[in-house]
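Heads up: the sequence lines are chains A and B, in that order.
So for the first sequence, the UniProt record's numbering puts the first residue at 1; every next one is plus one.
So for the second sequence, the UniProt record's numbering puts the first residue at 1; every next one is plus one.
Among the clues, some could well be false.
No more than 30 Å apart at the CA atoms, straight line, and that leaves these computed lysine-lysine pairs for DSBU-like [as the list claims (entries may be wrong)]:
(1) A:Lys33 / B:Lys135
(2) B:Lys295 / B:Lys46
(3) B:Lys76 / A:Lys12
(4) B:Lys135 / A:Lys3
(5) B:Lys135 / A:Lys12
(6) B:Lys425 / B:Lys108
(7) B:Lys108 / A:Lys11
(8) B:Lys74 / A:Lys12
To spell it out: a stretch of chain B is covered by chain A in this simulated footprint if at least three of its residues, at any positions, have a beta carbon under 8 Å from a beta carbon of chain A; those stretches are [said to hold, decoys possible]:
(9) 266 to 280
(10) 306 to 319
Okay, the calculated bits of chain A under chain B, using three or more residues with CB under 8 Å as the criterion [said to hold, decoys possible]:
(11) 39 to 49
(12) 65 to 78
Derived from the structure by calculation, the hints contain no laboratory data.
Since this is a predicted model, take the numbers as computed values, not measurements.
We treat Cβ as the ideally placed atom computed from N, Cα and C, and that holds for glycine.
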Amino acid sequence: MSKEHVFEVVKKIVMEVLPDVGPEQISMEISLKDLGANSIDRMEVVTMSMEELGLKIPLMSFAHVSNVEGLVDVLNMNYAAVSENDTM
Amino acid sequence: MLNKNKVGITGMGIVSSIGSDISSFCNSLKNGKSGIRQMADTKEPKVSVDIAAEIQDFSFLNLLDRLENVPDQKRKYAKRLGQRAPFVVQTSIISALEAWYNAGLFEKEALPERMGLIVAGQNSTQNYQYDLIPKFMENPEYLSPRYALEFLETNQVGVLSEMLGIQGEGFVVGGASATGNVGVIKGYQQVLAGFADVCLVVGTIADLSPMDMQGFINIGAMGGKKYIDQPEKSCRPFDSQHEGFIYGQASACLILESEASAAKRGVPFLAEIKGGALNLDSNSSANPNLNGESKAMQSALEQAGMSASDVDYVNTHGSSSALGDKTEAEAIGRVLGSRASDVWLNATKGLTGHCLYSAGVVEVIATVLQMREGFLHPNINLEEPIHKDLKFCGAEAINHQVNVAITNSFGFGGINTSVVLERGK
């Protein structure tokens, strides 16, 4: 459930950063590069996604991410951890 | 050995409080329309002057759509580069696209490496930074990585060169209130000496933060107190009731080009730049200097191979500052000598407010439009001139054919500039 939510957040932000990209183009498998994002656009997607989800993750954690799913997974792993803490 | 090319203006573009393109700006000059009013919304903390000539209801996408002659590919590029960019960058993109189109550069291209780019603007991201500070204080981690690009003035060099495919020299110049003229003079020299065939000069918006406004109030430079309830009367260059400058917003762009390049591309000179002089008073303070201002006008005329007898019109710096206006009036009197009572003067800042970094470019555009359309715009608030021996335009525009004009800009730090323009044939 949570992974789906994180994907929706990432999707919304990708469309904000890349105004030419439509929702149908954004899948788990595609890379941000293939959507036309340069390195700054990609870093911006990461920062804005973290902000939207209330997360603070070292940027190094995203070093090996190669597609949208990889990004969603790193965010989701941390998001789940924060959510658990919240309920404690 | 350096060349000595003839240099002209082949394109112009503007986004201002009195017109968001060249033709609406020109109509506003003719009609004496002022952009000065109560500020749309003031931020915290409130400062004591809330009068300015702001660009009203700016929409980057609407203005981009209105530039219908820009090729779709370029428009798409501009959209991606500009849609989320700061206000100062968005307005520069719009004025640059208009100037580029007017110079015919989309259809009749010039060689990328023979095109240069000068951004005339300093501290143009002040308000952008001011707005980010509260969020940054709370969560520094969420600062956009783009900030590292955007707080640099040279961001505009990158954005405009990418959008327009410029690959020659590109840099930023500053000169306080004379910044625009410094850009025009440096662009003129680039083309004159043969470093570029085409040089785009863009004067950026001064996007002042409340702290910048308060600074100008505290140093005694900003007016607007006497006429706080009548904003349209507050900017009064050369009038006895002047009391300081009124802040204005504009992005303005010129395409400067060599005669050979313009001829090859088949585009006319709207005006020729005959000379451009810049000198310093050796003064770190804000006060103007009669000798420095006179010298700037004289040197520009000498470069042009002209004398006071050739001049028909002076577009003054005329910022509505008491000491500034008085000093400039005396300098003009000294330079024009016996011709002082024959040469028309007006102050564009009376309509546009003081656009600070872009003021020089705005006023070159105003001068070229008046030359080409055969009119002089009014000084709408000049009721009691401080100088009786000079020929100031009155409350209504007049028909008048100008062939040779001087346009002045003077800045804090003893920076004096004058440019001499001749109407295109």
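Query - Violations among the numbered hints, reported as their numbers in ascending order - result: Violated hints: 2, 7, 9, 10, 12; rest satisfied.
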